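For reference, the chains in residue letters:
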Amino acid sequence: MSQETLLTRPLKIEDLLQRNIYDVDEDPHIEIPRGSEQEGLPKEALVYLCPAGCYTRIGDEILFSYEGCVECGLCRIISPPDKIRWEYPKSGRGVQYRFT
Amino acid sequence: MRIVVGIKWVPNTQAVRFDPKTGTLIRQGVPAIVNPHDFPAVELALRLRDAYGGEVIAVSMAPPPAIQGLEHVIGMGVDRAVLLTDRVFAGADTLATSYVLYHGIRRIEKEIGKVDVAVFGQETIDSSTAHIGAQVASWLGWPYVYYVKNAKLDGDRLVVTRQLEDAVEEIAVELPAVISVAMRALKPRPVTLKNKMRAKVEKPIIVWSNKDLGLDPRCVGLKGSPTIVAKVTYLPEVPRKKLVYKPKDPKDAARWILKNLFLDEKTGPLLRKVLWGDSGA
Amino acid sequence: MSITGKFDVVVVGAGPAGSAAAYILAKAGFKVLVVERGRGAGSKELFGGKVYAQPLRDIWPDLDKSAPIHRWVTKERFSLVVGERVLTVEYSSPRPVGFTTYLPELAKWMADKAVEAGALLIDEVRVDEIVVKDGRVIGVRSGGDLVEADVVVDAEGVNRLLLEKLGLVERLDPKHIALGVKEVLRTGKGVIEEKLGLGKDEGMAWMVAGDITAGIPGGGFIYTMKDMISIGLVLHVGKAVEAAEKGLLREHVSLLLEKFRLHPYFKRIWGEADIMEYGGHLTIEGGLGLVPKKLAINGLVVVGDAAGLLLNTGYTVRGVDFAATSGRLAAEAIIEAFNNGGPSEENLRVYEDKLKSSFVWRELVRHRGIERVMSDPLFFTKLPRLLIGVMKRLYEADYEEPTILDAFIESTSEEDISLARLLFKLGSVVGKL
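Chains as they are written, first to last, in my numbering: chain B, 1 to 100; chain G, 1001 to 1281; chain Z, 2001 to 2433.
Please keep in mind that the hints were generated in silico from the structure rather than gathered at the bench.
Note that the structure is predicted; figures quoted are calculated from it, not measured.
Heads up, the beta-carbon is just placed ideally off N, CA and C, and yes, glycines get one too.
Treat the hints loosely; a few may be bogus.
To be verified - Footprint (simulated), chain G over chain B, 3 or more residues, beta carbon under 8 Å:
#, segment
1, 30-39
2, 76-82
3, 85-95
Said to hold, decoys possible - Simulated restraints on C-beta separations:
#, chain 1, residue 1, chain 2, residue 2, range
4, B, L63, Z, V2430, 46 to 52 Å
5, Z, V2365, G, V1244, 47 to 53 Å
6, Z, E2363, B, P81, 43 to 49 Å
7, G, G1053, Z, E2363, 58 to 64 Å
8, Z, K2246, B, P81, 22 to 28 Å
9, G, P1239, Z, E2090, 38 to 44 Å
10, Z, L2087, B, L63, 39 to 45 Å
11, B, L63, G, V1229, 52 to 58 Å
12, G, D1050, Z, E2272, 51 to 57 Å
As the list claims (entries may be wrong) - Result set (DSBU-like, lysine-lysine): computed pairs, CA atoms no more than 30 Å apart in a straight line:
#, chain 1, residue 1, chain 2, residue 2
13, G, K1187, Z, K2246
14, G, K1241, B, K12
15, G, K1203, Z, K2108
16, G, K1241, G, K1203
17, G, K1242, B, K83
18, B, K83, Z, K2246
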């Protein structure tokens, strides 16, 4: 990534997350249902507000990937409790903040 | 049964970035971790101990901060650990490393008791040589089995399941033996509260320097390492399209792949050439 | 210390609140266990950038000498932004009360203090449950392991998984919560001093409001670290969800932050500084909306973010000092409880009394209702537009500029608010800010 692009256009979320340090757990610490079971999830809010961009829209469905998760808890508090299983990662895994 | 498991303390390579101006590695604030491929080895060692009794001893050649990693595996249930640490061990290639680990294991046998199995991970994320298991086995003169998926005792032999590309193989080896566990072969257990408390309170970590091992300084560390890194080339970042498609059915999926990969101006000719030796058209 | 025995106190979470409590209790001779889910204390911490020093000195008198202080905040700025037009107010003072730092560093320093004082810190372990037996809290459970204690200090942070399981609090209501997203920019040596007119150890805290949040109530922040700058956005979650679900928000939150980084007025400061880290965290919107009905029950006290103790007035944010102070007060209450016959609910509720007569509570009460101000579009959208409109009329005239009064009248009519209503609204909130 050259310096010029850093100044000329916004970085995509994937490129921002690449700057972080993770020790990704093998097991997902967050799970959401698939397909029609997703009825009731605030899909647009999950897609646009999850700071790590873990939720992607594919047609009517949202796909979830936990690897870039920053463990903020946003998706948990805006989703119906029966539509999301949310825990912190085990064994110290997940995002490893150095600065902030 | 006494099981030794090798642990490497490695930089979290996923977190290492390049300075685009100088082309050098930015190591600032990059934490070290236990080599992720060592966890299946730890898990197998713990399963053997849980099944047949005895103890698991983690052994690592590393600078003192590696104690954090050894505490992590004690937190998973490893009984105790040995840290082999000395300035003269620094800069070692796999030959010099395996030499120190070999003497570490010999000293464990002398101080603690006979070792039945030495377990290693398949390879490390920072160098990926997959040498250490084989080299330690050579120094010890023990049989060596790699790509191990699972193991169980059968009398005084170890029956080892190997995961090969197109087959699963079972081999019985005489003990003592060295085995290397395949990447992702076993899911490691988490760190538990009581185990981690034991790591912090009882501090079951023995530290041996070269004063204890008494090795010839010419055989360890940088001096004992014949490996020469001739040149390092950094590959430029490849821009990816990052396309995601949700197909309706397999047919739809095949059609999409055909269109986006095989009929694509750039990837199409390349793919056809690789797969079928097709030169174009 | 043995690992099988019971502890006097188990603290859940090694953040500022948990470590302050653990430090004071361990120093008083209590047998304290701190359980932290992250790898080492601090690795899961994220905040804006500024800490009020004095409340921390009350706990750690050697703060100035040994804490990881980056810069003392001698300059405070507040900016209103509409498009490329920016109105900035700066206050400069020789008497800084706050400093900038990275919370992972500061939290580690605090936890180290607790460990030096004799607390046992166990990291990489998640507490799954606060265990209740016969009407009192008896300890914590993690996986299959139970550790017993006379008192549990819940310092789990803003996501109150344990307190919810215990039934002590409801699920977090998005209308009381804000989402913070942040980038750390590496400027290199000397840049901060040169671009912002700061001395070597001098720092700046800079709050920004206006259209950088795409119409969602919230704002931006800029903090100067040693040789890096933290920038971020804070968005009201309730309103942001509404906007997203209605289709009014069509950009990912990270893109809003990137646009802030690339805003022509601000980007001159950090230029081509590399982005070192990107993160997100939930924070409390302010007011008393998230304070649990009970802060102490039989065998349990709640401190820090978990206790809903954070203040965001729009021009400053206080979280770390409130958290540490609540930890200190909880520890003092626990010590008194032990001296007065044990940690019964009645004895532990002394913590509530202490908290309610502390500056933390007075600040929260004083600024009560701030949430309503912070989520009122009048203040987030209209007021910046109005004031920028006034400035534009005063400074962008080629020949004749209006009087200030006329500029105000013209600008208010353009933004469709009456000056009288605005003054009335301002008058009604000024007492809450």
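Quick check: which numbered hints come out false for this structure?
The structure breaks hints 1, 2, 6, 11, 13, 16; every other hint is satisfied.
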